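Top to bottom, those sequences are chains A and B. Numbered by this note's numbering, the letters in the first sequence go through residues 1 to 209 in order. Numbered by this note's numbering, the letters in the second sequence go through residues 1001 to 1437 in order.
The hints are simulated quantities; they were obtained by calculation from the structure and are not laboratory data. Please read all numbers here as calculations on a predicted model, not as lab measurements. Hints may be right or wrong, so weigh each one.
Unchecked claim - Here's a subset of chain A near chain B, in silico, CB distances under 7 Å, partners left out:
1) THR20
2) GLU23
3) SER25
4) CYS46
5) THR49
6) THR54
7) PRO56
8) GLU88
9) VAL89
10) MET93
11) VAL107
12) ARG111
Claimed, not checked - PhoX-like cross-link-like pairs, simulated, lysine-lysine; straight-line CA separation at most 25 Å:
13) A/LYS128 x A/LYS74
14) A/LYS113 x B/LYS1235
15) A/LYS36 x B/LYS1164
Glycine included, each C-beta is placed from N, C-alpha and C at the ideal position.
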Amino acid sequence: MNVLKYSATVALAVLASACTNVERSREFGNPNVNGKTIAQQVCASCHGTDGNSTSPEYPRLAGQQPEYLIAQIKGFNQHTRTDRLAQEVMAGMSRDLTDEQLSQMAVYFNRQKVKNEATQAGPNGAGKLIYQEGMPQAGVVPCMACHGPNAEGNSTFPRLAGQHQPYLVKQLLVFRDTHGRPDTPMTDISKTMTDQNIQNLADYLSHLQ
Amino acid sequence: MTMTRLVKTGTQTLVLLTISFLVHTTSHALPAFATQTGQNCIACHAGGQYPELTPYGRMFKLTGYTIGERALRASVMAIAGASKMSNPDAVDASIGLNKPYKNGSLQFETASLFLAGKVADNVGVFSQMTYDNLHPADAGGQYVGHTTMDGVDVRYADQFVSEKSNVIYGISLNNRPSIVDPWNTAWAWMQYVPSSPDRGANQYGDGGSNGPPYPGNGTSAAGLAGVSGYVFLNKAIYAELGLYKTARGSFKFLNSGSPQIESTLRITNPYWRVAYNKEWGAHSWMLGTSGMVSHQYDPTNATLCTTDPTCYQTGKVRGVDTQYQYLLDPHTFTVQGTYQRQNFDTGSQAAGIASSNLSIMRAKASYVYQAKYGGSYSYFNVPGGPELATQGGTYEVFYMPHQNVRLGLQYTAYNKLVSIDTPHDANTLRFYIWAAY
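All chains should be built: construct the whole structure from the sequences, respecting the hints.
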């Protein structure tokens, strides 16, 4: 039997027999697929298997607050987060996930350890000042009041420590300059921040463990 | 061009575009994979351009098109364009153009029908059938519409994930060496999309294809059936081995529309590819190599060869290719390069065909802002004959008012053009409208 025919026959047999594979599925619409599986098989493509994304295009999810993650995914799905990439990339992926799957995914990423390769650089003093003391003259309250003394986050207030600097800058600009994320107090808090304030703050946070 | 044909072509284009816009505004229909994942094109395609893939797009392809909802969906894509060559009469006199040459008039060029999607947890399909409205002229000197099976890739893929490793493997039934490749510097993919199929309209002597992976077949590798197996280890090492033969019998559908004799391969022909991939920050880089050994009928001696199993040419193709990407919204920057060396040995049985050695080199750099505004430059140095080369570059700017629509302007300038003394006569300005739904 020639090699091509034999290989094709084997390939077709494999194809025909491979209808379900819940343990390693990348299916959005199957409630039988565990959220951890979806996290590892799909989310990990951009956010990393351990939640430490390589590209600053995508946020690190390792150690992130589960309540925050669930709220964001629901925001994508319900179109209350309308910043561009949230809608163009994330909205569709979140459309068929059950509450149980969301919870499983959020817990999976929350339990991952943050691996921040940038911690060797020194903290940004100006950013640290904004984070810990705010900018009273500009009406900017201390970030740590909600996000915690070590930027570890609290419930729906996200963990910021160790996040990609470009991602933090981008989101602060979304808060300040657009209506893409309307359901947070950050719109008011960020409105008087300058570009330099934002750069300093993001730089400081990205270097925290 | 007669007034009747002008009206007909203009009407075809207008109807096509009108339907496209109506479909968009009334149903938000999207190409098959975008509907499957619920994502916009930019999730997988760098800056929304084609065919360049993002790291996520490569993972989508490597995992067998199986991210998302289970469904096989149809999509359509169409291209209309107008090209203006500097001096078509001079080019025609020297080397001949496809007749009748449509210099400067808007043409409906191609339309593709895609059937693609996730079939099962581990099985996905990409298939494309293309109608070419400007297929080279028939005996009467007219263009004729022609439909071919463009690309087919049916895959089984699986991914094993642990804390320390990520292993993807897959098996593909397909009709083209390198169509499985997740980067787009391999033979089947490194091209301008859209590019005109009409030699006289765009990149003359270059076309949109990447040179033959087996000898005697012009610029196309269509018409084959093959099985490829691949692995991708820790997002770093990619290895693929494929076996190809002319599509016959139950696989004949993979060869629909292709001239049989031009693409008939003897025995089983191996294709291989190995690549190293690295991703850091917003950057990614790939360095790869690939090759194929093929045994093909001497197409000029087909009758004799039909009964002689030793009557074939042997082609050996080896190549290196690379790609660098920088992706951080709103910027998308991509550089690609590929170099191939082709050695053909006609053997003792295939008389009348001289052995030849050919080289192909292509490079392309592109930048896209906000997935809306883009520009690129491509360099090509491809065989234009046994000894001569066609060499030049294409400059392009494009605008995407919506992810489904692209308007572009290309200018192709030639430094060499087969045997023509004044290659600049073939310099071509081209405008196109591309739409996909």
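Against the structure, the hints:
| no. | hint | verdict |
| --- | --- | --- |
| 1 | THR20 | holds, 5 Å |
| 2 | GLU23 | violated, 9 Å |
| 3 | SER25 | holds, 5 Å |
| 4 | CYS46 | holds, 5 Å |
| 5 | THR49 | holds, 6 Å |
| 6 | THR54 | holds, 5 Å |
| 7 | PRO56 | holds, 6 Å |
| 8 | GLU88 | holds, 4 Å |
| 9 | VAL89 | holds, 5 Å |
| 10 | MET93 | holds, 6 Å |
| 11 | VAL107 | violated, 16 Å |
| 12 | ARG111 | violated, 12 Å |
| 13 | A/LYS128 x A/LYS74 | violated, 31 Å |
| 14 | A/LYS113 x B/LYS1235 | holds, 21 Å |
| 15 | A/LYS36 x B/LYS1164 | holds, 16 Å |
Checked against the numbered hints given earlier, the structure breaks hints 2, 11, 12, 13 and satisfies all the rest.
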